[in-house]
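Chemist: Here is what each chain is made of, one letter per residue.
Protein chains: 2
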Amino acid sequence: MIQGNRNRIAAFCLGFVMWIGIQTIDGKEIQENRKPNIIILFADDLGYGDLGCYGSNLIETPHIDQMAMAGMQFTDFYVSAASCTPSRASLMTGVYAARIGLEKVVDDLSTKGLSSEVLTIANYLKQDGYKTALFGKWHLGHHPEFMPRQHGFDEFFGIPYSMDMWPFHPKPSHNYPAIPLYHNDEVIEYNPDVNTLTQRLTAKTLDYIKANKDEAFFVYLPYPLPHVPLGASKQFKGKSKAGLYGDAVMEIDWSVGQIVQALKKLKIEENTLILFSSDNGPWLSYGDHAGSAGELREGKGTTFEGGQRVPFIVSMPGTIPPGSTCTKLVSSLDVLPTILDITNQSLLKTIDGKSIYPLFLNPQAETVNQAFYFMNGRRVEAVRLGQWKLHVPHRYRVVNKVGGNGQPGNQDNFGGSIGLTLYNLEIDAAESKNVAHQHPKVVEELTQLILDFEYDIIKNSRPAGIIKIERW
Amino acid sequence: MIQGNRNRIAAFCLGFVMWIGIQTIDGKEIQENRKPNIIILFADDLGYGDLGCYGSNLIETPHIDQMAMAGMQFTDFYVSAASCTPSRASLMTGVYAARIGLEKVVDDLSTKGLSSEVLTIANYLKQDGYKTALFGKWHLGHHPEFMPRQHGFDEFFGIPYSMDMWPFHPKPSHNYPAIPLYHNDEVIEYNPDVNTLTQRLTAKTLDYIKANKDEAFFVYLPYPLPHVPLGASKQFKGKSKAGLYGDAVMEIDWSVGQIVQALKKLKIEENTLILFSSDNGPWLSYGDHAGSAGELREGKGTTFEGGQRVPFIVSMPGTIPPGSTCTKLVSSLDVLPTILDITNQSLLKTIDGKSIYPLFLNPQAETVNQAFYFMNGRRVEAVRLGQWKLHVPHRYRVVNKVGGNGQPGNQDNFGGSIGLTLYNLEIDAAESKNVAHQHPKVVEELTQLILDFEYDIIKNSRPAGIIKIERW
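So the sequence lines, in the order shown, correspond to chains U and A.
Each residue of the first sequence is one higher than the one before, counting from 2 in our numbering.
Each residue of the second sequence is one higher than the one before, counting from 2 in our numbering.
Keep in mind that the hints were calculated from the coordinates and are not lab data.
A few of these clues could be false.
A pair counts as met if it fits within one copy or between any two copies, since identical chains are not told apart.
Derived DSS-like pairs (lysine-lysine); straight-line CA-CA distance at most 27 Å [said to hold, decoys possible]:
# : residue 1 : residue 2
1 : LYS434    : LYS235
2 : LYS402    : LYS460
3 : LYS460    : LYS172
4 : LYS434    : LYS172
Bound-form chain U, shown alone (with noise of 0.2 Å):
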């Protein structure tokens, strides 16, 4: 595990000069001395190459282009894992999710949830003086005790977890129960119009931004969509090449737009630090109502490139140098600690990320050569090191038929097979050539990394939170 700022304390008060520099030559003295404000907006099983910026052909996404114009884009950038809660788990926290007990996904029939023993993102942040809000999908637990705002946030206005675990689901496991929306502590509503869902989140996020523009604010808004079930205003329906799923990408694509602008609008782009990405790839048995992973193999729910491997784009004009790419090995275990430096914060728990606000400032900047694990629930399945990635033997989901128009084709979670297999994902990023035989002292070693991290992880992970029953 890594200790948030050792060593990267020069690095940062460079950037942190650099940044304060860039105000003042500026002369925009209304933003000196304020911390930046955060926003970070968090697709839904949307995948490597739903993007126009990361090549799709089917799908304009013309803002969020603009915004990778603007700032910077990650070629290498996983999350935590590739479902909805350990994700999550793992964006608010730093840690990988096993360590909290949440590796799993939760739902409506779920006793866990975010353990009130562990810091967010929004926890820092409130305690440093942020307004903090997140407006959409939290998906940590919907009981109480584990709800947004007893992790840090002031405000909420969403959803529990995810859209399709209520009563239309197309073939559900159980019987799920009206969907609630919440604005805080109060349901508002029951099962929402998906349709409407971005343009609320939208307005809410923008209501937030401008009500709060001379504070310092942190906004997380986990869009609910390209989730299935897909959904997308009027104006947004029929208007991408992609049927439903383009034209959900499209609004939200319109949404990263308001946002930018409004931000423009009230001078405050240059002390906004927006970062965006995806929870995990696409989920493919959904066919045409799943995204694309491009060129990467296998979707959500796999430790492959295409379930874990996402967009990530930040910007902020006048710090983040426009138009820039990283092809550093990056990770959504990196933005607590990231977010921590960049508001000169420091960690008050040990996590598993590291800063990687020096490549903020210069996406060349020399790294610690940190190996990233690859889990599916408590198990390591892959690791990747340098251009390296180690599969140790384990069984994947695969599509054995593909669904369509919302109705889900059929998966098998362990329906695929691989033996020890060694990647090099800079020749080969679609997994596809194993090199093992060419490269033993390399597959040693990772292997070894493997079990050395099964043992840390065993040695140092705590429970779930867990709701308490009192029966009599």
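Fit chain A to the supplied structure of chain U, relying on the hints for placement.
Modeler: Chain A only, in chain U's frame:
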């Protein structure tokens, strides 16, 4: 999975004819046409190297050695798991414990146990008209619905789980309640004196055999020893050269002698199949209160040979050739189907084991080259096929500090690690020399076997029985 009697009917018929024939030639008409009695003697934590006939220099076991001389000794017999509950679950049912949700050790706090959907040896034999009794340690769930009399045993005298799960545990994980000694469904005593257990269980067994000498009977005698807490009666204390551990083993040896002698006296020895084995290898962290795996690597709690390869001796004078040795790969999964084979019954459920009755008749008999899987919980850590044993990368238990005089030392269940490793057990039973690089095809084939078996376990398993707690 292997379907019971298929392809072995011929071998079985031959055996059956031989057996009938022998009875007639010997003129023991009283034994004719009667189903053979079955006695399973099952020691607890007894290592591969703890018996004279398996090479122990420290512990004299003349009666067990004599049983081996009168019958057949197996060099390559495995239990399905390296701990009590899963090992016993497989012995009783013929399936890997993970298939029936019993892959972990249960204790007084557990809500799980042997499902009523599963058929045990006792179920089969009872419905075939056998008298059935269990004298000793059960350890497949302590709630009423999981206890032996709900699983085919007419009579039960013994304890529900391990003797060390009691108030006198030297380092308890929690406050154990008094351990109950049951006779049938009634608790007749709490915290029975461990020094008297082997005597009491032996006496019960001898009485039972005498009382049922004219009927077909099945006795399952799972000794609670030489598992900690150790004990021995006065006449055995100090008798061995291996301390209290050796004394406990010698008392079990005495018990075996008593049972064999009783069968002879009652003239039913030729109509009685006795099987002797152990539930797993030695619990090494207990130091002088643990046994020895001989030359085998590691012990209880690991998927190395020392954890799962144990003594296995079978005797049935007149049927099993005396003084014979079988070196074939066999396992505790095979016990149930073998007993059904001998008693001319058909399997009613698909299981993992195969009948090895043909080997009882001829230790060189042709057998299917079936793979054996080494599981730890729900993970498959290794596989054996023929002389090859492949470990996929996993962590394993190591002893950091050896205990003494009944005090446990310090064991770390995940302290050791092993990469993808191939052993040739024919020349390296100690698992000391990795030959993976010399045999890449074998590694590939065995890796795939493990992956395929993992899939089979996922697809073909059912949950354990679980108590229904009604609260109001």
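Chemist: Now, for every hint given, state plainly whether the structure supports it.
Modeler: Against the structure, the hints come out as follows:
no.: 1; hint: LYS434 with LYS235; verdict: neither (45 Å within a copy, 68 Å between copies)
no.: 2; hint: LYS402 with LYS460; verdict: between (40 Å within a copy, 18 Å between copies)
no.: 3; hint: LYS460 with LYS172; verdict: between (38 Å within a copy, 20 Å between copies)
no.: 4; hint: LYS434 with LYS172; verdict: neither (36 Å within a copy, 51 Å between copies)
The structure does not agree with the numbered hints 1, 4 stated previously, though it agrees with the rest.
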